[in-house]
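Q: Now for the letters of each chain:
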Amino acid sequence: ELKVEQNPLFLSMQEGKNYTIYCNYSTTSDRLYWYRQDPGKSLESLFVLLSNGAVKQEGRLMASLDTKARLSTLHITAAVHDLSATYFCAVISGTYKYIFGTGTRLKVLA
Amino acid sequence: GAVVSQHPSWVICKSGTSVKIECRSLDFQATTMFWYRQFPKQSLMLMATSNEGSKATYEQGVEKDKFLINHASLTLSTLTVTSAHPEDSSFYICSERGLAGVHEQYFGPGTRLTVT
Chain A
1 ELKVEQNPLF LSMQEGKNYT IYCNYSTTSD RLYWYRQDPG KSLESLFVLL
51 SNGAVKQEGR LMASLDTKAR LSTLHITAAV HDLSATYFCA VISGTYKYIF
101 GTGTRLKVLA
Chain B
1001 GAVVSQHPSW VICKSGTSVK IECRSLDFQA TTMFWYRQFP KQSLMLMATS
1051 NEGSKATYEQ GVEKDKFLIN HASLTLSTLT VTSAHPEDSS FYICSERGLA
1101 GVHEQYFGPG TRLTVT
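Protein chains in written order, with my numbering: chain A, 1 to 110; chain B, 1001 to 1116.
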């Protein structure tokens, strides 16, 4: 059974600091997704990583994928308060089933 | 990406009653839709896969007689929570798969269900 774990589960950081969220998954998958969720809201798509070594950047967020290590990272550069949210990674199991990670609740302190 | 709506956005019902949640694909004919449940401060768990014109496929541990799914048209899937209990209180999110062969899912805004 495919398992997806994220760490840390909670992250409190100062504005302006850098940090990385990790997403590990247990079996082979050739694509990985990152989502943001604000309280009471649904998911907002951030990145789709389609191959080993893929790297994507949008603003202060950068995501990468290492399929051999079964690891994806979401790096936050110079955090700002607006980035406070819960971040989920998701991996495809089989042809279409999404398995979500445990989530990382990020709080950026002013 | 595709646009998915859900109705209602929130609902409060009494224990023992049934409540229906609608998931609509607004700009695409979705042959496959998915229903997720998210308890507070937890991750999303897939409940079932809804296929247009056929029976839904439920994940292990999800009671199909309690969570009735109907996907009668290419733009509408419904989830009915029957004989609701307070432990059914949760955030329910649907998604659609998009074009066959495309892996991306497009998520609806979610429905907050509170059972009193």
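There may be inaccurate statements among the hints.
Straight-line C-alpha distance at most 20 Å; calculated SDA-like pairs for lysine to any residue [unchecked claim]:
id, chain 1, residue 1, chain 2, residue 2
1, B, Lys1064, B, Glu1052
2, B, Lys1014, B, Gly1053
3, B, Lys1055, B, Thr1032
4, A, Lys97, A, Asp30
5, A, Lys41, B, Lys1055
6, B, Lys1041, A, Asp30
7, A, Lys97, B, Thr1032
8, A, Lys107, A, Asp30
9, B, Lys1041, A, Asp38
10, B, Lys1041, A, Glu44
Here are some, though not all, of the chain A residues that point toward chain B, as calculated from beta-carbon distances under 10 Å [stated by the list, open to error]:
id, residue
11, Asn18
12, Tyr22
13, Arg31
14, Tyr35
15, Gln37
16, Leu43
17, Leu83
18, Ser84
Footprint (simulated), chain A over chain B, 3 or more residues, beta carbon under 8 Å [stated by the list, open to error]:
id, segment
19, 1017-1026
20, 1060-1067
If you're looking for bench data, these hints aren't it; they were derived computationally from the structure.
Just so we're clear, the structure is a prediction, and the values are computed from it rather than from any experiment.
Think of the CB as a built atom: it goes at the ideal place given N, C-alpha and C, for glycine as much as any other residue.
Q: Against this structure, judge whether each hint is valid.
A: Status of each hint after checking the structure:
1. B:Lys1064 with B:Glu1052: Between lysine 1064 (chain B) and glutamate 1052 (chain B) the Cα gap is close to 17 Å, so the pair holds against 20 Å.
2. B:Lys1014 with B:Gly1053: 31 Å, violated
3. B:Lys1055 with B:Thr1032: 11 Å, holds
4. A:Lys97 with A:Asp30: 13 Å, holds
5. A:Lys41 with B:Lys1055: Not satisfied, since the Cα-Cα distance of roughly 29 Å exceeds 20 Å.
6. B:Lys1041 with A:Asp30: Given that 20 Å is the threshold and the Cα spacing comes to 28 Å, the pair is violated.
7. A:Lys97 with B:Thr1032: 11 Å, holds
8. A:Lys107 with A:Asp30: 30 Å, violated
9. B:Lys1041 with A:Asp38: 11 Å, holds
10. B:Lys1041 with A:Glu44: With a Cα-Cα distance of about 17 Å, the restraint between lysine 1041 (chain B) and glutamate 44 (chain A) holds, given a limit of 20 Å.
11. Asn18: Nearest chain B Cβ about 25 Å off; hint violated.
12. Tyr22: Nearest chain B Cβ about 15 Å off; hint violated.
13. Arg31: Arginine 31 (chain A) check passes; min Cβ-Cβ to chain B is 6 Å, inside 10 Å.
14. Tyr35: Given a least distance of 8 Å, the restraint on tyrosine 35 (chain A) holds.
15. Gln37: 9 Å, holds
16. Leu43: Given a least distance of 5 Å, the restraint on leucine 43 (chain A) holds.
17. Leu83: 19 Å, violated
18. Ser84: 15 Å, violated
19. 1017-1026: violated (count 0)
20. 1060-1067: With 0 residues close enough to chain A, the hint is violated.
Violated hints for the displayed structure, listed by number in ascending order: 2, 5, 6, 8, 11, 12, 17, 18, 19 and 20.
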